[in-house]
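FYI, our numbering numbers position 14 of the sequence shown as 99, with every residue one higher than the one before it.
Hints in this document: simulated from the structure, not taken from any laboratory.
All of these numbers come straight from a predicted model, not from anything done at the bench.
Glycine included, C-beta positions come from ideal geometry on N, C-alpha and C.
Hints may contain errors.
Capping the alpha-carbon separation at 20 Å, the derived lysine to any residue pairs in SDA-like fashion look like this [said to hold, decoys possible]:
#1 Lys104 - Glu168
#2 Lys181 - Arg211
#3 Lys104 - Gln192
#4 Lys94 - Pro197
#5 Lys220 - Thr237
#6 Lys133 - Ile171
#7 Lys159 - Ser136
#8 Lys127 - Trp165
#9 Lys137 - Gln194
#10 Lys220 - Ile236
#11 Lys144 - Glu168
#12 Lys133 - Leu121
#13 Lys104 - Pro147
#14 Lys133 - Ser162
#15 Lys104 - Thr199
#16 Lys183 - Gln194
#17 Lys128 - His173
#18 Lys94 - Gly182
#19 Lys128 - Pro148
#20 Lys94 - Glu214
#21 Lys104 - Asn124
#22 Lys183 - Asp153
#23 Lys133 - Glu107
DEER-style ranges, computed between Cβ atoms [unchecked claim]:
#24 Ser97 - Lys220: 31 to 41 Å
#25 Ile236 - Lys133: 37 to 47 Å
#26 Arg238 - Lys144: 44 to 54 Å
#27 Glu93 - Arg221: 17 to 27 Å
#28 Cys131 - Asn101: 21 to 31 Å
#29 Leu240 - Arg179: 22 to 32 Å
#30 Leu202 - Ile236: 26 to 36 Å
#31 Ile236 - Pro157: 24 to 34 Å
#32 Lys94 - Ala239: 18 to 28 Å
#33 Asn151 - Thr237: 42 to 52 Å
#34 Cys218 - Asn146: 45 to 55 Å
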Amino acid sequence: MAEKLAPEKRHSFMHNGQKVFEWDQTLEEVNMYITLPPNVPKKLFCCKIDSKHVEVGIKGNPPYLNHDLMHPVKTDSSFWTLEDDIMHITLQKRDKGKTWSSPIMGQGQLDPYTSDLEQKRLMLQRFQEEVLCVKRLLSSDLNASLLSVIITRALTSHRLSSPEVALTQGPSWEGYVPVDSL
86 MAEKLAPEKR HSFMHNGQKV FEWDQTLEEV NMYITLPPNV PKKLFCCKID SKHVEVGIKG
146 NPPYLNHDLM HPVKTDSSFW TLEDDIMHIT LQKRDKGKTW SSPIMGQGQL DPYTSDLEQK
206 RLMLQRFQEE VLCVKRLLSS DLNASLLSVI ITRALTSHRL SSPEVALTQG PSWEGYVPVD
266 SL
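Put together the whole structure using the sequences plus the hints.
This is how it looks when you write it as structure tokens:
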């Protein structure tokens with residue numbers, strides 16, 4: 086569902102007229118796509134992912150990329166694969182939902198307009214996930230007052246940065262059931 090309403094858009098990082106890599110992001114991960122040079126055996130490519138750094142290259146040569154990441158990642162769930170002539174690097178965001186303006190520090194930053202669009206797209210994706218979660222809760226036999234508390238907490242936990250977005254009715258403590266008492 087999220088892919089239909091909030092599609093990922095690949096961004097390109099160019100240097101001296103050459104595409105260095107493409108990238109996109111979801112709420113949980115940042116994906117980098119690097120076109121591999123022809124006639125190099127796939128077993129010679131290497132990628133090292135640290136929590137704040139990525140290094141990509143061909144064994145025995147200087148690295149193609151050797152940069153700090155824009156934000157920290159979870160190294161235990163970040164990985165890389167070779168798919169046809171593309172190295173696909175999946176970086177698991179440490180902070181889910183955080184909008185990255187580029188995968189690597191100081192390189193290929195999105196312009197303010199595109200960054201704003203990306204942030205809105207991720208907010209839409211997060212909203213879609215939360216709607217699905219609420220639908221699942223509604224379809225179960227969950228206590229209605231507990232559901233009300235969950236929804237209220239979810240709504241009030243988000244920072245509403247846009248002046249156009251406002252709650253039409255404030256949260257109510259009516260029917261409040263402390264979570265510890267369940």
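Can you give the numbers of the hints that this structure goes against, from lowest to highest?
As far as the earlier hints go, not one is violated by this structure.
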